[in-house]
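Novice: Chain residues, written in single-letter form:
There are 2 protein chains.
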Amino acid sequence: MIVQERFFTFTKDEIPFTTESGYIFDEITVAYETYGKLNKNGDNAILVLHALSGDHHAAGLYSPIDKKPGWWDPLIGPGKPLDSNKYYIICSNVLGGCRGTTGPSSINPKTGKPYAADFPVINIRDMVRLQKILLAYLGVKRLVLVIGGSMGGMQALEWAVTYPDFVDSAVVIAATERLSPLAIAYNYVAIKAITGDLNWNNGNYYNNKKSPDIGLSLARMVGTITYKSDMLFKKRFGRNRTNDGSMFQVESYLNYHGVSFLKRFDANSYLYLLQAMNLHDISTPYGSLNRAIERIRARLLLVGIETDLLYFPKDLKEFVQRVNSLGGNAKYSEISTLQGHDSFLIDFDKLGPIIKGFLEVDYVEYQKNVSTM
Amino acid sequence: MIVQERFFTFTKDEIPFTTESGYIFDEITVAYETYGKLNKNGDNAILVLHALSGDHHAAGLYSPIDKKPGWWDPLIGPGKPLDSNKYYIICSNVLGGCRGTTGPSSINPKTGKPYAADFPVINIRDMVRLQKILLAYLGVKRLVLVIGGSMGGMQALEWAVTYPDFVDSAVVIAATERLSPLAIAYNYVAIKAITGDLNWNNGNYYNNKKSPDIGLSLARMVGTITYKSDMLFKKRFGRNRTNDGSMFQVESYLNYHGVSFLKRFDANSYLYLLQAMNLHDISTPYGSLNRAIERIRARLLLVGIETDLLYFPKDLKEFVQRVNSLGGNAKYSEISTLQGHDSFLIDFDKLGPIIKGFLEVDYVEYQKNVSTM
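Chains as they are written, first to last, in my numbering: chain A, 245 to 617; chain B, 245 to 617.
Hints may be right or wrong, so weigh each one.
Copies of the same chain look alike in the list, so a pair counts if it works inside one copy or between any two.
To be verified - Here are the computed lysine-lysine pairs in the DSS-like style, where the Cα-Cα straight-line distance is at most 25 Å:
| hint | residue 1 | residue 2 |
| --- | --- | --- |
| 1 | Lys561 | Lys479 |
| 2 | Lys558 | Lys478 |
| 3 | Lys561 | Lys478 |
| 4 | Lys376 | Lys479 |
| 5 | Lys376 | Lys594 |
| 6 | Lys453 | Lys479 |
| 7 | Lys594 | Lys311 |
| 8 | Lys256 | Lys354 |
| 9 | Lys478 | Lys385 |
| 10 | Lys311 | Lys454 |
| 11 | Lys385 | Lys600 |
| 12 | Lys594 | Lys575 |
| 13 | Lys357 | Lys453 |
| 14 | Lys256 | Lys575 |
| 15 | Lys385 | Lys561 |
| 16 | Lys612 | Lys354 |
Treat the hints as calculated values from the structure; they're not laboratory data.
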């Protein structure tokens with residue numbers, strides 16, 4: 245499947261967009277991709293939401309010689325679990341990102357310089373509200389499904405809360421209704437690693453010779469550990485050394501992830517997205533978690549990952565029970581894996597059938613029940 | 245109980261001490277404390293081993309107006325689980341430490357300057373071999389018990405392997421026979437945080453205006469998370485903010501631990517001790533884990549902590565099974581707690597009876613069995 249990166253730009257005169265923190269953007273660009281065709285009613289759409297370090301290139305190749313398909317390619321395309329023959333599938337880079345959508349590294353039209361630390365505080369709801377504007381532009385009238393893992397899962401659930409009448413169903417993988425203090429703690433170390441790097445310079449490093457590479461790679465290393473699992477590390481690395489004997493293999497692995505991240509991510513973006521995750525709580529605008537949940541009309545599927553060090557399956561299960569005890573329609577499914585949190589980016593053979601089952605089989609059941617009610 | 249800090253210094257002419265990495269110290273000082281009296285046979289001694297950031301001040305107060313007792317004070321003293329009326333209890337600062345025993349911040353007699361990065365690579369066995377020298381100096385002929393948690397637990401187990409005929413029993417709390425790749429990974433982030441701090445200056449910061457405070461506090465923050473638990477953070481902090489609203493409470497907590505650590509720990513010491521932990525593997529000198537285990541003649545008790553994010557109870561249980569399958573005498577006990585890894589420094593009401601039971605009740609049983617064999 246050959247796909248194309250697209251951009252949608254609008255000014256505040258065309259569409260006013262204010263963050264929850266009260267900032268009005270003069271202009272916003274959204275980078276996105278679509279797979280499949282929108283039907284005439286505009287109601288065969290699926291929105292795919294990426295995680296912290298992901299982007300809008302969810303599936304396909306950019307050219308016949310491109311060798312690196314999008315990050316969810318095994319799940320998206322003709323005949324795949326998210327079937328582009330049937331559905332119109334959209335994925336966009338989040339607000340605050342650094343892969344094409346307006347973020348801290350973008351030029352601020354007010355100053356002609358990168359936003360840097362002048363970028364406003366954003367949260368997960370801001371990301372979702374910007375996605376809604378993109379969908380309107382694309383002519384989408386209704387979503388069959390919103391789906392994502394980790395930060396993408398937070399957005400999926402937020403979609404079901406913020407726009408209850410727009411969403412048929414939501415799949416929330418390895419994410420919770422609000423970030424746990426343990427995850428906030430890990431994020432805090434990452435934030436301090438970046439802001440403690442002298443080259444961060446209060447966010448103003450875009451025109452400097454040095455950028456906060458050490459801080460960003462440390463932040464990524466902390467993240468990488470929490471995205472994996474003890475069992476995976478034991479199986480893959482054990483206590484083995486690198487060929488030259490200078491390091492443990494697990495150290496070399498972390499180092500590689502820390503350093504290679506520098507090529508594809510902006511430190512300020514990372515800070516703003518971590519903050520957005522920390523602030524994430526679906527209940528905030530409604531005063532209580534139950535009131536937020538009571539807004540949801542979509543069918544929900546929460547997918548926990550057995551070995552997740554960051555978003556514990558028990559927390560997802562508790563949320564499902566709470567939704568159902570409030571009269572909602574939530575299911576729980578668990579992936580048995582050594583991969584840890586990152587399973588949703590790896591275990592496609594396990595995740596595919598879960599998604600397909602929920603999207604199609606369950607939907608038929610659901611329609612039957614609704615029609616006989 | 246009023247106690248006194250003591251120092252034992254020896255030169256290489258008096259007692260040659262070579263690290264496993266092949267370095268010969270011209271002179272070594274060991275800081276230590278003792279509680280209770282050694283009997284005439286020299287065989288009523290207990291060796292207490294401290295963890296990464298601990299020291300030799302395990303119990304008592306330094307004066308009647310001292311308000312901060314030693315770190316295991318509820319467990320050590322007259323009538324306490326480690327009863328100083330009955331036993332002669334010793335605790336010393338580890339080799340490589342920064343609380344009185346020779347370490348990277350000590351003056352190298354060869355140069356008249358701090359060792360810094362010239363300090364040799366050390367491991368857990370080196371610590372244990374130095375403790376053996378201290379015990380000989382103190383007249384100890386045999387240990388009733390070696391006991392410690394985390395890095396202290398590694399030393400306790402190493403004692404049972406290195407000196408099988410000197411140790412009656414060992415209590416190994418929240419530690420394993422070798423460091424897991426997950427723990428190595430966390431330690432790697434800490435190591436990179438310190439060595440990535442420009443003020444670390446390849447370890448030469450002792451006479452500089454700035455020391456690697458940001459790196460060391462980051463390292464301590466990563467550690468602090470892994471010493472606690474998800475449930476503890478949920479219960480204690482949840483998503484609550486600090487009074488001024490500027491931070492999550494869990495962030496403020498981590499920050500406090502990171503910053504306050506700077507007052508009491510040396511960055512180079514931290515690096516050397518992390519490396520010693522990473523290198524820890526009781527099997528190294530013997531070629532296989534089974535051969536190392538087969539050396540052990542002490543009764544073993546491994547104490548797992550239910551919520552430990554770093555040393556999983558399942559790993560301790562597996563080790564106990566392996567010891568027993570090889571004809572050894574190992575028991576397992578688990579502390580049910582929200583405290584995580586740090587439980588052994590907090591849950592004295594739970595740990596006390598476990599230690600007392602193993603030390604006294606089990607010992608009587610053991611003696612009976614031995615005498616009827």
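Novice: Any of the earlier hints contradicted here, and which numbers?
Specialist: 4, 5, 6, 9, 10, 14, 15, 16
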